[in-house]
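> Given next are the chains, with one letter for each unit.
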Amino acid sequence: MSGLPSTRVVVADDSALMRTVLSEALTQAGIDVVAVAGDGDEALAQCQEFSPDVLSLDLSMPGRDGVGVLRELRERQLRVPVVVVSAFSSAAGARAVDALAEGAFDLVAKPTSREQVDAFIGELVRRILLARDAGRRRFEAGGADRRQALAAQPRPARSALTGGRGVVVIACSTGGPRALAELLPKLPARVGAGTLVVQHMPEGFTASLASRLNSVSQLTVSEATEGERPDSGRVLVAPGGKHMRIAADGLIRLTDEPAVGGLRPRADLTISDAAAVWGDRVLLVVLTGMGKDALDGAAAVREAGGRIIVEAESSCAVHGMPREVVQAGFADEEVDLGFMAEAILAEVG
Amino acid sequence: MDPAEYLPLFIAECREHLQELNVSIVALERNPGDASGVDAIFRVVHSVKGMAGTMGFAGMMRLTHEMEEVLELVRQRRGAVSRETIDIVLECLDALSAALDAIEEGGEEKLDPEPLIPRLRALVRARQSSDQPPVAAPEDRPAPAPAVAPAPRPTVRVDIAASA
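Taken in sequence, the protein lines are chains Y and B.
Using the working numbering, the letters of the first sequence map in sequence onto residues -9 to 339.
Using the working numbering, the letters of the second sequence map in sequence onto residues 36 to 199.
Derived from the structure by calculation, the hints contain no laboratory data.
C-beta: ideal position from N, C-alpha, C; glycine also.
You can take every hint at face value.
Computed footprint of chain Y on chain B, listed as stretches where at least three residues anywhere in the stretch have a Cβ under 8 Å from a Cβ of chain Y:
no.	segment
1	37 to 45
2	75 to 89
3	100 to 111
Working from the sequences, and respecting the hints, build out all of it.
Quick look at the structure:
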């Protein structure tokens, strides 16, 4: 291939077919598959032996399953970024979301038709490379930035959000499920505004995400449904495969409009609608994630006089989305995830 | 990738799984309350689904997906498995075996899951309506994994009426 050091990957799947298909496809893409594992214990042994850049992990395996592998990796302090590869079902969705909350870097859904196979392989390769880069950065990274005010121009000391009249929009992608699982439980059962979450995730998995978050949060977390109104006791999660729009009357509209930049839901649409409906009573929170979704939305929020907090690089799995907003000069504050609940409550408590 | 390349491996592994499925179902018929039997069936069906999807066999994929959803509810209930459920799962097994035969002969699965799907779904509906209402309280974080993964518990949301 090239003179660059290759990416070393362990592939764990209980299916011999999947191990073969994945190994060959990854090898063709220039990735060095250093070992394959048929169950969880084998995967752990190989991570220990080979210290791969990334582990590609199936969740449903006999004996120790994927979530068990993630817990044990942490227990043994093996710093191997994990990309979960899973076919969707209600049960598998719940497990996949558990895996993300346990620290898996990202999730790729197994294909459901012949047309999707090549896209699946491409997506897997892309996420493995990202996981590798994030792993290298993360383990080199130093201390956290805590909280840092960024506003270039004078801003009102407090937003107009208190009293339940506005909305908080949280946008996140890669690393988001874990960040949400850390953030949402720290918020009280009622905050000063309704909360909307846009997390990029394959269709079907968002219901599992909402259910898991609900089980650990005081706020009521659910997938958004058509016609709902944001409520200060609730968190509404955009369902995968739909855009979450907000009509002029402040009610949720779920639409099948085309994906924007490959994303549906696209946070930009939700955020821009929120800015149009609630004006300066919008708090935008941009968490970890790849790409630049939320940037156009941030421009709209800024224009309307709302507030913008982004996650600091110190806690991001991928700093892409927050970085875009900071570089455009839209962010009011940059906050490490550990302090994010406090920062949000300072605005909408 | 070219799925045709992997056909022999796919067929061999699926046959092994269906064999295993058959054995598990027979065991379950004898002992309908055996939770570990349902877990084994569930895992096999999930594996076949992943493989069928990757190979692009949409009929097998759809059928195993629906089977999985039904089996998940059986797993959650931890009760005895009904005769009706076993019969339909056996029929699905036959359909999957026939699809493998067809693939081996001509490369096409020739499986129409449509007639089986409403019957599987009817099992889910019957089960859901007979289920105990879940407790209306936020559940705790799942406990550290025991040797066998716990079935996800159903959650219920408590809506606190209030205006935005």
